[in-house]
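Position 115, counted from 1, in the sequence shown is what our numbering calls 115; the numbers after and before it change by one each time, with no gaps.
No lab work stands behind these hints: they were computed from the structure. Watch out, some of these pointers could steer you wrong.
In silico EDC-like cross-links for lysine to aspartate or glutamate, where the CA-CA straight-line distance does not exceed 20 Å [claimed, not checked]:
| no. | residue 1 | residue 2 |
| --- | --- | --- |
| 1 | K2 | D126 |
| 2 | K108 | D28 |
| 3 | K55 | D89 |
| 4 | K148 | D89 |
| 5 | K2 | D141 |
| 6 | K113 | D89 |
| 7 | K108 | D64 |
| 8 | K113 | E169 |
| 9 | K108 | E170 |
| 10 | K116 | D126 |
| 11 | K148 | E170 |
| 12 | K132 | D89 |
| 13 | K132 | E96 |
| 14 | K120 | D109 |
| 15 | K113 | D44 |
| 16 | K55 | D44 |
| 17 | K2 | D44 |
| 18 | K61 | D44 |
| 19 | K97 | D64 |
| 20 | K97 | E3 |
In this text, all values refer to a predicted model and were calculated from it rather than measured experimentally.
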Amino acid sequence: MKEIQVITGCMFAGKTTELLNRLRATNDNYLLVKPVIDNRDSEDIVCTHDGLEEKAIRVRKVSDVFALLSNIQVVGIDEAQFFTMSIIDDLCYLQEKNIKIIIAGLEKDYLHKPFKSMTKIISMSDSVIRLKATCNNCGQDASYSHRKNTTSKQQLLIGAENFYEALCEECFNNII
1 MKEIQVITGC
11 MFAGKTTELL
21 NRLRATNDNY
31 LLVKPVIDNR
41 DSEDIVCTHD
51 GLEEKAIRVR
61 KVSDVFALLS
71 NIQVVGIDEA
81 QFFTMSIIDD
91 LCYLQEKNIK
101 IIIAGLEKDY
111 LHKPFKSMTK
121 IISMSDSVIR
131 LKATCNNCGQ
141 DASYSHRKNT
151 TSKQQLLIGA
161 ENFYEALCEE
171 CFNNII
């Protein structure tokens, strides 16, 4: 069975950049998918905060691309936290097909509570890279995604700098 690599961290930590760099460095054919709920970029593009772009397929669930895997050795999954728990079975299927999986996603939400699907994905993975951002307030290493200027309490609120900022633990605790 092929490995599962997970790239996680708070918002603005460079998860998608790391995912794209790893996909581009492979000598294998790869496919990049993103969840249909992620409407920040165009439908068929994943775009990083630092301007990298890569063609991607928007899907409701990872299994939507199973028919496209005949010549694929690596599947990259961006924003994995937005997929339902069905992603777990989909990852098992990809492993059975001997396809390497590289996943980028938030481990925790804006309240620093874990995303259920990511917790399970991390427990299945062969390697986990936890990236840090830079605290928007003090410049220290940041591992918290803080939702700013909104009264919404829903766990999923799609956005970037318009809704979120990266904070270190001290600054996060001072705000909360």
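Evaluated hints:
no.: 1; hint: K2 <-> D126; in the structure: holds (9 Å)
no.: 2; hint: K108 <-> D28; in the structure: violated (31 Å)
no.: 3; hint: K55 <-> D89; in the structure: violated (25 Å)
no.: 4; hint: K148 <-> D89; in the structure: violated (35 Å)
no.: 5; hint: K2 <-> D141; in the structure: violated (32 Å)
no.: 6; hint: K113 <-> D89; in the structure: violated (23 Å)
no.: 7; hint: K108 <-> D64; in the structure: violated (26 Å)
no.: 8; hint: K113 <-> E169; in the structure: holds (14 Å)
no.: 9; hint: K108 <-> E170; in the structure: holds (17 Å)
no.: 10; hint: K116 <-> D126; in the structure: holds (18 Å)
no.: 11; hint: K148 <-> E170; in the structure: holds (16 Å)
no.: 12; hint: K132 <-> D89; in the structure: violated (29 Å)
no.: 13; hint: K132 <-> E96; in the structure: violated (32 Å)
no.: 14; hint: K120 <-> D109; in the structure: holds (15 Å)
no.: 15; hint: K113 <-> D44; in the structure: violated (30 Å)
no.: 16; hint: K55 <-> D44; in the structure: holds (6 Å)
no.: 17; hint: K2 <-> D44; in the structure: violated (26 Å)
no.: 18; hint: K61 <-> D44; in the structure: holds (15 Å)
no.: 19; hint: K97 <-> D64; in the structure: holds (15 Å)
no.: 20; hint: K97 <-> E3; in the structure: holds (11 Å)
In summary, the structure is inconsistent with hints 2, 3, 4, 5, 6, 7, 12, 13, 15, 17 from the numbered list given earlier, while agreeing with the others.
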